[in-house]
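Enquirer: On the provided structure of chain S, position chains B and H as indicated by the hints.
Protein chains in written order, with my numbering: chain S, 5 to 538; chain B, 99 to 532; chain H, 182 to 330.
Honestly, the hints are just simulated from the structure, not real lab data. Just to be clear, a hint being listed does not mean it is correct.
With a straight-line cut-off of 27 Å between C-alpha atoms, the simulated DSSO-like cross-links for lysine-lysine are [said to hold, decoys possible]: (1) B:Lys503 / S:Lys235; (2) H:Lys294 / S:Lys80; (3) B:Lys432 / H:Lys327; (4) H:Lys327 / B:Lys485; (5) H:Lys327 / S:Lys330; (6) S:Lys384 / H:Lys294; (7) S:Lys378 / H:Lys294; (8) H:Lys294 / S:Lys381.
Here are the simulated distance ranges between beta carbons [to be verified]: (9) B:Ser158 / S:Arg44: 31 to 37 Å; (10) S:Asp138 / B:Asp135: 51 to 57 Å; (11) B:Lys330 / S:Gly89: 58 to 64 Å; (12) B:Ser488 / S:Ser354: 51 to 57 Å; (13) B:His406 / S:Arg44: 38 to 44 Å; (14) H:Lys251 / S:Thr421: 36 to 42 Å; (15) B:Gly514 / S:Arg169: 40 to 46 Å; (16) B:Gly420 / S:Asp454: 48 to 54 Å; (17) S:Gly89 / B:Ala429: 39 to 45 Å; (18) B:Glu350 / S:Ala390: 40 to 46 Å; (19) S:Ser354 / H:Asp328: 42 to 48 Å.
Every residue, glycine too, gets a C-beta built ideally from N, C-alpha and C.
Single-letter residue listing:
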Amino acid sequence: MNDTQDADIVIVGAGVAGSMVAHQLAMAGKSVLILEAGPRVPRWQTVERFRNQPDKGDMSEAYPNPPWAPAPHYSKPHDYYIQKGAIVYASEYLRMVGGTTWHFTANTWRFRPNDFKEKSTFGVGRDWPISYDDLEPYYYKAEVEIGVTGDQDYGSPRKQPYPMRQPPTPYAEKVAMELLNAFNPEFNVTTQPACRASRPYDGRPTCSGNNNCSPICPIGAMYNGIMHVEKAEHAGARVLENAVAYKIEVGPDRKIKAVHYKDSQGASHRIIGKYFVLASHTIETPKLMLISTSGDYPNGVGNSSGMVGRNLMDHPKTSVTFYSGKPLWPGRGPEQSTSMIGYCDGAFRSTMAAKKIQNWDLNVTLSETQKIFKEGKLLKPAALNARIRDRASRFMSYNSYHEILPLPTNRVVPSKTEKDAIGIPRPEIYWNVDDYVKRGAAHTRKVFADIVSVLGGSETEYDDTFGTSQHPVGTTIMGNDPRDSVVDADCRSFDHQNLFIASGAVMASVSTFNITLTIAALALRVADTLKKEV
Amino acid sequence: MNKWWVPAVVVLAGIVVVAGLALHKPHSPLSGEVADDPALVQRGRYLAAAGDCASCHTVSDASPYAGGLAMPVPLVGTIHTPNITPDAQTGIGTWSLAAFDRAVRYGIRKDGKNLYPAMPYVSYAKVDDEDIKALYAYFKYGVRAVSQVNPAPSAAWPMTMRWPLQLWNVAFFDGSRYQIKSGHDAQWNRGAYLAQGLAHCGTCHTPRGIGFQQVALDETGSGYLSGALLGKWEAYNITSDSNAGIGSWSPEQLREYLATGNVPGVAQAAGPMAEAVAHSFSQMNRDDMAALAAYVKTTPPVSTGTPHPRQAQGTPSDVVAGLRGVSFNDATAKPARIFLGACASCHHWTGAGTRDGYYPSLFHNSTVGAPNPNNLAQVILHGLHRKTASQDIRMPAFGSTLSDKEVAALVNFLTGQFGANAAQMTEEGVSKLR
Amino acid sequence: MVPISRRHFVGATLAILGAGATAGLPAQGLESEGAENTALDTFMAVSRALTGRSQLDRAVGARLLEALEKVTPSIAAQMPPLARALKSGAPNAQQETVALEIMQAWYVGMVGKVVVTYEQALAFDAVSDNLSIRSYVGGAPLFWAKDPT
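Chain S on its own, in the form it takes in the complex (with noise of 0.2 Å):
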C-alpha cells in the first residue's frame, strides 16, 4: 500500500458517463476524483495512428491496449476475454480517458416508452423501476450536453426541440430510403438523431464528411466523452490515468470506504471517499464488483442478488453486402445516417425480437481495391480506374440490431485462473442468443432480400452468424426489488447506500436503439440525487 488520497466523490471510469457525473459535481463545488484504468491518448494522435494502420475497417487498432489495463479490441477480442458460452462474444471497447465514445458512430437515439416496460406491455423481459416519462428531461439535458441533432421525435416523444437542427441527408441513403419507403412504409426508414455538429457548437467545428466517425472524428465535430472529461477538470475534478481499479473496500456500515486501484507498474494505492460511482462500462463494472470479495462478502461487493455479471444484453446482429443496381456512390458524409425503425416497437414483441436495421455508409475505395487485386489480373489503368469506380459506388452494407431479453445464463464472470499482466482476472464470458431472437432474424433476413431487390443488388451475401454490436449492457440491473436487482430506480446499490453505477450496465433493456444517450441521461440523473446527498 504505497498513499492514501481522498475525494468526495470517488469515480472509476472516465467514459462518458463517468465524465458527466464528474462534471455536475465538481460544478457543484465537490470533490471529485476519477480513476481511469487506461492512459490518456491527444486525439491527434489517434488520427495518425489510425492512418498508419493497414486494416482502415479495424475500429479499435488505433487505440491502446496496454498490459495493465487490456480490453476486447476488434481483431482479437480473444485476447481478453475468455469465451464460456455456446457462440462468441466479441464487442469491444476502450478502456482509456474519454472512453468508448471515442470511435461510436455518433448515433443518440433515445429508447422508446414501451422500451422501459415490455414486461407489463408484451409480457417479456423485464420493466424498469423508471419511465420513459421519468427518463424525459434528462435525455434532454443529454442531448444538450452532448449536442444533438434531429428532425422528428422518432418515437420517442419530446418536449424541447433539439439543439441543433438536422444536417442534410447523403445522397446514397436519401435515395435508398426514399425507393424502400415507397416498396413498403412499414420500413419506415428515417434519418436519426446524431451528435455531430450541424453548426459551430460549444467550441466544436461543424462536421464536414471526414467520413471516420468510427474509429476517429479528426476534428471533433462529433461528440466524444474526452470533452466532458475536459470540461470536469476545468470546474475542478481530477482524473488519475492509468489507475485499475481492482478492489472495492466495504467499511464496518455496509458503506463504501475506498477503492485500490493499481498503476501501470502494478503498485498499489487506495483512495478513501464518501460517495463511490462505478462507471467502467459493462464488462468492467461487474468483474470490479465481483472480484471485491472478502468474508463479509464472499460473492463480491453489492451482490446480495446473485445478479452481478447476469443479464448480459447486447444488440445481436446479422448483416448482408450487395452491389446496388446503379452507383449510389456510399462513403460521403457521415458514416451512417438512417435506419430503418418500423420493427423497433409493437405487438409482435411479444414473441420475437424488435430490431432496427441500418447501413454502413463508409468509403470501401482500399478494400475494394484489394479485392479486385485478389483476382489477379494485371489490368490496364484506365480499366483498373473503371472497376473501382464500378465496385465503390455501388458497395452496399446493412447490419441490424436485435433486441435480447436480460437472460440471467448470459453474464461476465471473472475468470479464477486467468489474470492480466497486473493480476486482475481476465473476464469469462457466457453468451448465447434465444429462439426469441432468432425468431426475429428470420423475419430481418427478409427485409434484408426485399433491400436488396429494392436496391438492385447482386452479388448478394448474408451474414447470419450472430455477432454483437459494442453495445453492452445489463450486468447490474436496475429493478425494484433488491432480490433480483443489483441497483434501484435512483442507479444506487441495494446494498451500499454510497455505492452508485453510472453505466450501461443498470440498464434493464436493450432495446433496438445505439445505447449512449440513455447511459448519458441515466449518468445526469444519477449526478442530480448525488448533489443532493453529497
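Expert: For chains B and H alone, coordinates are given in the frame of chain S:
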C-alpha cells in the same frame, strides 16, 4: 544670481493649466430631440455596425449592447464596458442627443467624467452631425432595453481619478470633424471618412506613443496604420507598402477580406479582426467596403514589420511521404506528425486546404507568413470563430490537447514550411499566450 | 482476363528508358554507388508505365520498393527484364505477377500489411471526384446531399 521669480512662474503656470483644464470640457453643439423615424433608426443600425459598437458593448447575443466586456487599460487595470441600451436605470435611456454626442465625439460622460480613450472617441470625433443623430435614434429606439449593472473599474485610488484624462486630451485629442479633401474623388473621401471615423482602423493598426496615443490619426501623419501589438495579438501594418503592408493586395482582395474575412490564398481574419468582420464589416454594403479598401490602399507606405509580403510565402508540404506508415509515440513524434494529426484533416496533408478555399491554405497565408508568430500561436491555442450572415466558421482550439512545447514546435514547423522562415517560438512564449 | 495490349504499354517513359535500354541498367554484381539509385529509377519507370502516370512520387516509390524487396528480395533485379518485356509487349506469366504486385503496391499504398502511403494511394484518384479520403474533410461542411452521379 538669485532666481526669486522661479516659484512665482511655477504657481502661475499651475493656475494657467488648471484654468485650461476647466476650459477643456467641451460640450456637444447638438441640441433637441430626435424623432422615432424608422428610416433614421435603420440608418443608425447600419452606422452602429460601421462603428463596431457591438465588439465592445455586446458580450452575449441575448442582450446586445448591455456592456460588461472586461478590457485592460494601461495604468488603470481592468474596466468593464458600460450598458448602452436605452434602459433608464442601468443604460443610457435618459441621455439626450447632446449627452450621447458628448460621449461619442468628445469622450465625456453624462455625469461630466471623462471616458478612458479605450472608447475610441478620438476616432469617432470625425463623424458628422447627421450620422450622430442617426446613431442616437438607433440606440434610443432600435435597441432593446436591458437592465444590467456592470462592474466598476478595478483601479484603486488614486488611479480612479479621471481628471488626468483631461490632460491627456489636451495633449493628444484633436477632436476635429472629417473634412472632404478636394483632389480626391468621392469614393476616396467616403473611405477616409469611414476609416478615420466609425471604422476607427487606427485604434488597432496605428502604433502608439509614450502617452498611449495613436501616433497619427490620418494619412498625413507619419506611421498611420503601420501596425501595432495589442496584448497578445498583432494588428498588422496595413499601409500601402508592398512588402510590409498590403500594397500587393488588390483592392478587390481587400474588400473581400473585410466583407467575408476570407480571401483564399491570401488571408483569413482571426481574433479581434474576426470580430470586426463579424460585427461590422460583413454587415456593411459593397460600395462602402470598396471605398474603405480604396482609401487604405493609398496610405503612405511604411516599411517596418516585414521584408516580404506576408501572404506570398511558403510551399506545399510533402512530409507525409516519409511519415505515413511509420510508428511513433510521445517521445518520437516529430512536429510534422502533429501537423498531420491535428491540422491536415482540414488543411490537407500538403497544407493546401480545400479547393474551394473553405478550409484555408497554410501557405500563401498572411498569418503563417508573418515574422511574428504570435497570431498563429493564438489561433492554434484558442481556435477561431467567425460568424457572418452567410457563414459560421469554427476552427477548434488545440490548447487543451497540445502542450506548450508541442505548440511551440508546431508553430516553428508551420512557419518554416509554409511561411518565410521558421519562427523561434519557445515553450515559455506559448505559455504567456494561453 | 484482359490481356495487356502490347502497344499500349509503350508510354513515353518507357520510350525514354528504351532509348537508353542498356545504359544504367543494373547488372549482377554492380558495385558502383549509383546502383541503388538506378534500381529505383528503373522501378519508377516501370511503375509509371504500369500505372499510366507521367509522374509518381519518388519518395513513396523508394519506400514501396524497399517494402517489396522484403517480400520479394529479387524484385530489383527483375525490373530491367520486366521493363524490356513491357516495352516489347510480351511479359511472361511470372513477370505479370510481379507487375501485379507493383500495381497493387501503388494502388493500395501497402505491401502486405506494411503501410507505405495512404494519402497517395492511387486507388483514391480513381474516385476523387466523388469521394474524399477517410479522415480528411470531404469539402465544405454538409456537402454530402449533392447528387454525385
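Enquirer: Is the gap between the beta carbons of B:Gly514 and S:Arg169 within 40 to 46 Å?
Expert: Taking Cβ atoms as reference, B:Gly514 and S:Arg169 lie about 42 Å apart, which means the hint holds.
Enquirer: For a C-alpha distance cap of 27 Å, please report whether H:Lys327 and S:Lys330 respect it.
Expert: Given that 27 Å is the threshold and the Cα spacing comes to 16 Å, the pair holds.
Enquirer: So does B:Ser158 sit 31 to 37 Å from S:Arg44, Cβ to Cβ?
Expert: The hinted range 31 to 37 Å holds for B:Ser158 and S:Arg44, with Cβ atoms some 33 Å apart.
Enquirer: Does B:Lys485 lie within 27 Å of H:Lys327 when you go C-alpha to C-alpha?
Expert: Satisfied, since the Cα-Cα distance of roughly 24 Å is no more than 27 Å.
Enquirer: For the pair we were handed, B:Lys503 and S:Lys235, check the Cα-Cα distance against 27 Å.
Expert: Between B:Lys503 and S:Lys235 the Cα gap is close to 23 Å, so the pair holds against 27 Å.
Enquirer: Just tell me: holds or violated, for the beta carbon distance of S:Asp138 and B:Asp135 against 51 to 57 Å?
Expert: holds (55 Å)
Enquirer: Holds or violated: 48 to 54 Å for the Cβ distance of B:Gly420 and S:Asp454?
Expert: holds (50 Å)
Enquirer: Within a Cα-Cα threshold of 27 Å, do H:Lys294 and S:Lys80 meet the stated pairing?
Expert: Status holds; Cα separation ~16 Å.
Enquirer: Could you see if the CB distance from B:Lys330 to S:Gly89 stays within 58 to 64 Å?
Expert: Between B:Lys330 and S:Gly89, where Cβ atoms are some 59 Å apart, the hint holds.
Enquirer: Run the distance test for B:Lys432 versus H:Lys327: straight-line Cα separation, threshold 27 Å.
Expert: violated (38 Å)
Enquirer: So the hint says 51 to 57 Å: do the beta-carbon atoms of B:Ser488 and S:Ser354 match that?
Expert: holds (54 Å)
Enquirer: Given the range 36 to 42 Å, decide if the beta-carbon distance of H:Lys251 to S:Thr421 lies inside it.
Expert: Roughly 40 Å apart at Cβ, these two residues keep to the hinted range, so it holds.
Hint compliance for this structure: hint 3 alone is broken.
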